[in-house]
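**Q** Chain by chain, the residues:
Number of protein chains: 2
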Amino acid sequence: MKNIYVLGAAGSIGLQTLEIVEKSNEELNIIGMSLGSNDVLNQSIIDRFPNVEIICLRNQKSLKTFQDKYPNIKFVFSDQGLIEIAKYPKKGIVLNALSGSAGLRPTVAAIESKKDIALANKETLVMAGDIINQLIKMYHVDLYPVDSEHSALWQTLRGEDQSDIEKLVITASGGSFRDLSREALNDVTLQQALMHPNWSMGDKITIDSATMMNKGLEVIEAHHLFGLPYQKIETIIHKESVVHGLTYFKDGTVKASLSLSDMRIPIAYALYYPKRHVYESSLELTNLSFQPMDFKRFPLLELAFYVGKQGGLLPTVMNAANEAAVKLFLKEQIKFLDIEKIVMDTVHQFENKMEPTLDEIITTDELIQNHILLTYGKR
Amino acid sequence: MKNIYVLGAAGSIGLQTLEIVEKSNEELNIIGMSLGSNDVLNQSIIDRFPNVEIICLRNQKSLKTFQDKYPNIKFVFSDQGLIEIAKYPKKGIVLNALSGSAGLRPTVAAIESKKDIALANKETLVMAGDIINQLIKMYHVDLYPVDSEHSALWQTLRGEDQSDIEKLVITASGGSFRDLSREALNDVTLQQALMHPNWSMGDKITIDSATMMNKGLEVIEAHHLFGLPYQKIETIIHKESVVHGLTYFKDGTVKASLSLSDMRIPIAYALYYPKRHVYESSLELTNLSFQPMDFKRFPLLELAFYVGKQGGLLPTVMNAANEAAVKLFLKEQIKFLDIEKIVMDTVHQFENKMEPTLDEIITTDELIQNHILLTYGKR
Chain A
21 MKNIYVLGAA
31 GSIGLQTLEI
41 VEKSNEELNI
51 IGMSLGSNDV
61 LNQSIIDRFP
71 NVEIICLRNQ
81 KSLKTFQDKY
91 PNIKFVFSDQ
101 GLIEIAKYPK
111 KGIVLNALSG
121 SAGLRPTVAA
131 IESKKDIALA
141 NKETLVMAGD
151 IINQLIKMYH
161 VDLYPVDSEH
171 SALWQTLRGE
181 DQSDIEKLVI
191 TASGGSFRDL
201 SREALNDVTL
211 QQALMHPNWS
221 MGDKITIDSA
231 TMMNKGLEVI
241 EAHHLFGLPY
251 QKIETIIHKE
261 SVVHGLTYFK
271 DGTVKASLSL
281 SDMRIPIAYA
291 LYYPKRHVYE
301 SSLELTNLSF
311 QPMDFKRFPL
321 LELAFYVGKQ
331 GGLLPTVMNA
341 ANEAAVKLFL
351 KEQIKFLDIE
361 KIVMDTVHQF
371 ENKMEPTLDE
381 IITTDELIQN
391 HILLTYGKR
Chain B
21 MKNIYVLGAA
31 GSIGLQTLEI
41 VEKSNEELNI
51 IGMSLGSNDV
61 LNQSIIDRFP
71 NVEIICLRNQ
81 KSLKTFQDKY
91 PNIKFVFSDQ
101 GLIEIAKYPK
111 KGIVLNALSG
121 SAGLRPTVAA
131 IESKKDIALA
141 NKETLVMAGD
151 IINQLIKMYH
161 VDLYPVDSEH
171 SALWQTLRGE
181 DQSDIEKLVI
191 TASGGSFRDL
201 SREALNDVTL
211 QQALMHPNWS
221 MGDKITIDSA
231 TMMNKGLEVI
241 EAHHLFGLPY
251 QKIETIIHKE
261 SVVHGLTYFK
271 DGTVKASLSL
281 SDMRIPIAYA
291 LYYPKRHVYE
301 SSLELTNLSF
311 QPMDFKRFPL
321 LELAFYVGKQ
331 GGLLPTVMNA
341 ANEAAVKLFL
351 KEQIKFLDIE
361 KIVMDTVHQF
371 ENKMEPTLDE
381 IITTDELIQN
391 HILLTYGKR
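So the sequences go chain by chain: A and B. Counting with our numbering, you get residues 21 to 399 for the letters of the first sequence. Counting with our numbering, you get residues 21 to 399 for the letters of the second sequence.
There's no promise every hint is true.
Just so you know, same-sequence chains aren't split out, so a pair can sit in one copy or run between any two.
Mimicking BS3-like on lysine-lysine, the simulated pairs with C-alpha atoms at most 27 Å apart in a straight line are [what the hints assert, rightly or not]: (1) K259 / K107; (2) K329 / K270; (3) K43 / K270; (4) K43 / K252; (5) K89 / K355; (6) K259 / K22; (7) K187 / K329; (8) K187 / K259; (9) K329 / K134; (10) K43 / K187; (11) K373 / K259; (12) K22 / K270; (13) K398 / K347; (14) K252 / K373; (15) K347 / K224; (16) K107 / K89; (17) K134 / K22; (18) K22 / K110; (19) K81 / K252; (20) K157 / K22.
Simulated from the structure, these hints should not be mistaken for lab results.
Chain A with its partners taken away, still in its complex shape:
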């Protein structure tokens, strides 16, 4: 039995993780989890996992009610509670499905507690990839990707030598507006932006797909996960979302990893790794299309390559600006194209600093996010 801590259990990835654990015939076991702010959903989740030992609530409000109802479970709350879960003194793998920059500190705490990580929170590596890679080495833990693209690349590298890689190619569906010209983006609505053609995901990542910022974050994540320079990472438009990643090897071979657009596949791959667990899924091969990525159409992707190559605090700044701008767009306080503008302006105005500490990264993230929310948000 493998113990699993799920951070962000009430989100899209989190709920699918819980489903995988339930169907695991006790091969997997939820030992800790963090929940959201919907107490009805929270209670239904708790009732499904009687073995759970520690639960983090989003805030203190309902803590006493839950604690009285479930005296055998330890309840904690807020960001500090996430750290407590990460440090909980029982072996296990931490699946980090937190949304946004909140995922960084718990990842660090989990590594320092010698727990392996299944990472669905890409901000962890975007903001602090160098630090995380140092910590992983220092504490001898493994970090497994959960993102479908990185899981696909990881699979193509099974049994392979890193030095044989010529390049990695990450596929992009193109998001909700892939068939619209830039001009047509002026008047798109939030509802339109939230309609992803292939994937059913959380709101933030759906918007990030439409701006292609998501692919930019994935490029930076891939750089840190696979230890490759940005010249060896490419993106390509692949509307069908069947091929999730391809590795070109130096001998002329290309390996691709394909699956249905179903996040349960990469989640289970990370949780069961190196084993594969039976999952009924019948991918029918039909036509697959590939088109070169158009950086002019998706300037945030080009920005991400630039920011990634620069390193230092710049990826944190880009990510923070984007996170705040998307929040404002989700509240319909700014227009779709304002996201790009805010992110680009913020990055270009920032004076970069190399080799930042973890505290500097987190402070910068907060400062940038607050600045944007105050500057562009409607009070």
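Fit chain B to the known structure of chain A by using the hints.
**A** Quick look at chain B alone, frame taken from chain A:
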């Protein structure tokens, strides 16, 4: 430096193998080879490889001339000469690129001499897969596929567990006549049949592609190479010949191996395995199409599945009938559709025998081939 013996060095695969060795910066070394009946070509090949120690000529005719000219090389000839090469007492890997059933005995001799095999001669496994697999275990040698499809499948299985395989899928371009209906096949000519849309290969395999017999032989080969039942092996039409093979795993993941239609890639993969050697090759991803295989359109493929499942002498019978029929078609003594008819009639009239010996297999092959050449050939 790795010693290589090339059987069939003057053929299409053989010549590409020689090219790879020449470009290997002495990492690979030709120590023995068998040549064809064109003495001008033979001499030019010999002059390129001064380190070669043993050479097999097709017949005795020019043996003395060559032996006098190259006194440091041991010259042998005919089928017995192939066996001498296979048994030559120096370590090395035998690349068997012989055409047809002539490849079987040399493979056996090489295994018995504890030499690893890079197998481009699919008849070896089609005719005697069970025997070869027993010998491989007994003599602790490795057998590597060279066929592009099997090399692709082998690559998708790198680092994987055989028990995780749900099924293997072999792609088929469809051959020269893929866009013709069965009715239109009545009057096709030899010249048309030899125009393969994607690959430049030898005549025999080009015809086998047009009849889909080649894919049938590959299915049987895959069964023996990867130790999977026929229910777990499928074929699919993929006109672009970019994806050569796919493995479906039980967890919903599919891995595909892609490359340009360039046999030097799988040849080098087998010769350098487990290393990968730099080869400039830029696969551009464009649209990839996949269509279900139509067994009614390609009855020889359906026959191959039947024959493979039956086992015993039947795969040898099918292969021999096809080999002889293709010879007659290449001499324009029968029509294209006669190939199918001859192969099907021969298989259905044969009384099968299980667990044949190697001698029985080879005798049956000769009997069937002679019978067909005598019955259907024009004297």
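**Q** Taking 27 Å as the upper bound on the Cα-Cα distance, should K43 and K270 be classified as within, between, both, or neither?
**A** The answer is between: 15 Å across copies meets 27 Å, while 40 Å in one copy does not.
**Q** For the identical chains here, do K398 and K347 meet the 27 Å Cα criterion within one copy, between copies, both, or neither?
**A** within (12 Å within a copy, 82 Å between copies)
**Q** Could you place K187 and K259 in one of the four classes (within, between, both, neither) given a Cα distance threshold of 27 Å?
**A** This pair counts as both: shortest intra-copy Cα distance 21 Å, inter-copy 26 Å.
**Q** Checking an output row: K329 and K134, CA cutoff 27 Å. Within, between, both or neither?
**A** neither (30 Å within a copy, 51 Å between copies)
**Q** Using 27 Å as the alpha-carbon threshold, which applies to K134 and K22: within, between, both, or neither?
**A** within (15 Å within a copy, 44 Å between copies)
**Q** Given a CA cutoff of 27 Å, do K329 and K270 count as a within-copy pair, a between-copy pair, both, or neither?
**A** within (23 Å within a copy, 38 Å between copies)
**Q** Quick one: K373 to K259, C-alpha cut-off 27 Å, is that within a copy, between copies, both, or neither?
**A** Neither: 38 Å inside a copy, 52 Å across copies.
**Q** Check K187 against K329 for me: Cα-Cα at most 27 Å, and say if that holds within a copy, between copies, both or neither.
**A** within (16 Å within a copy, 41 Å between copies)
**Q** Is the C-alpha distance from K22 to K110 at most 27 Å within one copy, between copies, in both cases, or in neither?
**A** within (11 Å within a copy, 51 Å between copies)
**Q** Are the CA atoms of K89 and K355 at most 27 Å apart within a copy, between copies, both, or neither?
**A** So K89 and K355 fail the 27 Å test inside a copy (45 Å) and across (83 Å) alike.
**Q** Between the shortest in-copy and the shortest cross-copy C-alpha distance, which are at most 27 Å for K22 and K270: within, between, both, or neither?
**A** Close across copies (20 Å), not inside one copy (37 Å); limit 27 Å.
**Q** My question is about K347 and K224: at a cut-off of 27 Å on alpha-carbon distance, are they close within one copy, between copies, both, or neither?
**A** Classified as within; 8 Å inside a copy, 64 Å across copies.
Checked against the numbered hints above, the structure breaks hints 1, 5, 6, 9, 11, 19 and satisfies the rest.
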